[in-house]
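Participant: Each chain, letter by letter, is given below.
Number of protein chains: 2
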Amino acid sequence: MRASTIRQILRYVAEMPEIISFGGGMPDPSCFPREEIRAIVNELVQEQARKALQYGTTVGCIELREELLKFMNSMGFKLEGVGNIMVTSGSQQALDLLARVLIDPGDLVVVENPTYLAATLAFRLFQPRFVGIPIDHDGMIIEALEEELRRLEAEGRRVKFVYTVPTCQNPTGVSMSMDRRKWLLELANQYDFLVVEDDPYSHVLFKPVEFKRLKAMDDEGRVIYMGTFSKIICPGLRVGWVAAESTIVDKMVIAKQSVDLCTSPLTQLIAAEMLRRGLLLQHIPNIIKVYKTKCEAMLESLEENFPEGCRWSTPVGGLFIFAYLPEKVDTEKMLQKALERKVAYVPGRPFYVDDSGGNTMRLNYSYPTLEQIREGIARLGEVVKEELR
Amino acid sequence: MRASTIRQILRYVAEMPEIISFGGGMPDPSCFPREEIRAIVNELVQEQARKALQYGTTVGCIELREELLKFMNSMGFKLEGVGNIMVTSGSQQALDLLARVLIDPGDLVVVENPTYLAATLAFRLFQPRFVGIPIDHDGMIIEALEEELRRLEAEGRRVKFVYTVPTCQNPTGVSMSMDRRKWLLELANQYDFLVVEDDPYSHVLFKPVEFKRLKAMDDEGRVIYMGTFSKIICPGLRVGWVAAESTIVDKMVIAKQSVDLCTSPLTQLIAAEMLRRGLLLQHIPNIIKVYKTKCEAMLESLEENFPEGCRWSTPVGGLFIFAYLPEKVDTEKMLQKALERKVAYVPGRPFYVDDSGGNTMRLNYSYPTLEQIREGIARLGEVVKEELR
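Protein chains in written order, with our numbering: chain A, 11 to 399; chain B, 11 to 399.
Among the hints, erroneous ones may be present.
For chains that are exact copies, the list does not tell them apart, and a pair is met inside one copy or across any two.
[To be verified] Capping the alpha-carbon separation at 20 Å, the derived lysine to any residue pairs in SDA-like fashion look like this:
{"hint": "1", "residue 1": "K343", "residue 2": "A307"}
{"hint": "2", "residue 1": "K61", "residue 2": "P39"}
{"hint": "3", "residue 1": "K61", "residue 2": "E76"}
{"hint": "4", "residue 1": "K61", "residue 2": "R48"}
{"hint": "5", "residue 1": "K261", "residue 2": "L135"}
{"hint": "6", "residue 1": "K302", "residue 2": "L285"}
{"hint": "7", "residue 1": "K61", "residue 2": "G34"}
{"hint": "8", "residue 1": "K261", "residue 2": "F136"}
{"hint": "9", "residue 1": "K170", "residue 2": "S366"}
{"hint": "10", "residue 1": "K395", "residue 2": "P336"}
Simulated from the structure, these hints should not be mistaken for lab results.
With the rest of the complex left out, here is chain A:
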């Protein structure tokens, strides 16, 4: 089943209110800071319309980039200035621009296996060769990466970059251990590759995990960091950002010129004001509380309803649980039966770059209500049991 087919099914499903869907990746709308946004837009349109409603520069509004510089350096980054930061139309655009700038046909790109589906989708247009590295509860297995690097070196081949979601990984919700983070960066220096750190979820961490962002540990300027406001303000702004060496940022800005000229200054300035007024940091604990409760409810329901032989990831944060069913189950085929029982999920295979994972599924817990989570997982448990009979 192609990724676009799955999207079509899920879009179809989204329009059928009687189906409980664990399929999307949408935040809980009760977490949107709507009153804050309303107040900010009122001020912006009255006092800064010349800027907020006009074309902006391709690199992004200076007001937002200055706030981001403070925000990220407060996270331990050592960025020199706003020249290290560009704004993107959601972090999906950052993936596309990155691919345009970095990938030549045949280039080796390392990803976690499974990894974020829409990242490989964005990269594919530029024809890389993917190298998938397995993950466990401590994230990408760096030992396996090192073996692969050695093997490739022996063949005279080099990796262009490693793409990772180190914190609250998509689709599994696990976090890369500190040891592995250090090891990954050592390998990057030794084997001379870039590291792309996609970090949409680290502010929605609900377990006490010791971690540093890779960009905060980056001494050689090898890490290209991607952030987004989609999970901490709301996706409707379509504002993300990149923090990297200015040489890389400059290339991505040139690519962005022909892609969409600029990101909406109106939505950029909403994000800048959320940061400047300290509203973002005030707001995040609410989100964490909601997602922690929902994640726990889903884990509990899985425990109660899924039959023996099934296992699943234990997220430290983020929006997803990834489930592994017994090998003989094909979750793509099973989707039809699930839909008949009025419950939906995303089959796991498209998250793998080697066509494995046919027995896996991704479950979103951020969007459905607690009641829907309990009822939906119960229905899904029935479907799985039937499938195993």
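Given chain A, put chain B in place with the hints provided.
Facilitator: This is chain B only, laid out in the frame that chain A set:
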């Protein structure tokens, strides 16, 4: 001089308030319907936050697509339904998506010569071969196009598509005559190519010109129409759209998935409400009045200040005048001298696909004030006179 170099100069210039710039392509901010937008956003965030602040579908919000369907069919289009319409993040994104979907390396793409710079920029990544067709005061010279098509046919080659800004062309502001429009579509049918109609300015037409949009004359589904709210509401929304055969729309939607997932539903719904409430059509006459006055002021100043041997286009609408200086003037070199005199323009060569036009320049009249237009053109006249001495 590369297009990106020019952009850098103009960005630099934009930050120096003492320089009068005719360089950008920005609307007059006094034309932004700020009070309407403020009122709409207040309602949207209070009543439709679940939709406005959430992820939207890749194809675009149904509310906006339905309004666009009515709006475009009121312009004489014969669109069957919303399946013919997708929303884009500004019409620049439409150009990028179109290139991704249509252009294979080596494909022949016909453009007006000169043409919209950022269109060829977007197309170039996919390595087409450009065929430039000259224009006069009646737009693209279709006779020259037909000759070219005959020549190419004799060589066994076919054109993939013709890209045109038929109404208030960028950079010249001229409009394609009705006879030529009909002839162009006849050729499209005869030689089997697509026509891309980029139409950002036709609602800002300030001379009584008889015209129909190509899409309204399209019997064979060959026209891909691109619209935008940048010049009729404001650019800061970053909302454009495409109207085409659903087979083409579907392909562009798949490409958009990996590019930015979706356009901001917040800004989409602002545009939808501007249409639904009839505010857009009420608002447009103000814009036309402002631009007409500014264009006339610039034409008058050119007449007064530019020396013999110079000529320029007479726009019927839009944002630009295109000036042709005597052959011996190199407007790229002259730019430095103009900047010393505190006035800026865009050298014309990058608008040409055959590296000609070294003696031309594009002048924007929508953004500067009337006073700046008079003073700036006087300064520029001095620079040109000096250059000719």
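Participant: Each of the hints needs a verdict: does it hold here or not?
Facilitator: Consistency of the hints with the structure:
{"no.": "1", "hint": "K343 <-> A307", "verdict": "neither (27 Å within a copy, 68 Å between copies)"}
{"no.": "2", "hint": "K61 <-> P39", "verdict": "between (28 Å within a copy, 9 Å between copies)"}
{"no.": "3", "hint": "K61 <-> E76", "verdict": "within (16 Å within a copy, 30 Å between copies)"}
{"no.": "4", "hint": "K61 <-> R48", "verdict": "both (18 Å within a copy, 15 Å between copies)"}
{"no.": "5", "hint": "K261 <-> L135", "verdict": "both (18 Å within a copy, 14 Å between copies)"}
{"no.": "6", "hint": "K302 <-> L285", "verdict": "neither (24 Å within a copy, 41 Å between copies)"}
{"no.": "7", "hint": "K61 <-> G34", "verdict": "between (34 Å within a copy, 15 Å between copies)"}
{"no.": "8", "hint": "K261 <-> F136", "verdict": "both (16 Å within a copy, 17 Å between copies)"}
{"no.": "9", "hint": "K170 <-> S366", "verdict": "neither (24 Å within a copy, 39 Å between copies)"}
{"no.": "10", "hint": "K395 <-> P336", "verdict": "within (11 Å within a copy, 82 Å between copies)"}
Hint check: violations occur at hints 1, 6 and 9; the rest are consistent with the structure.
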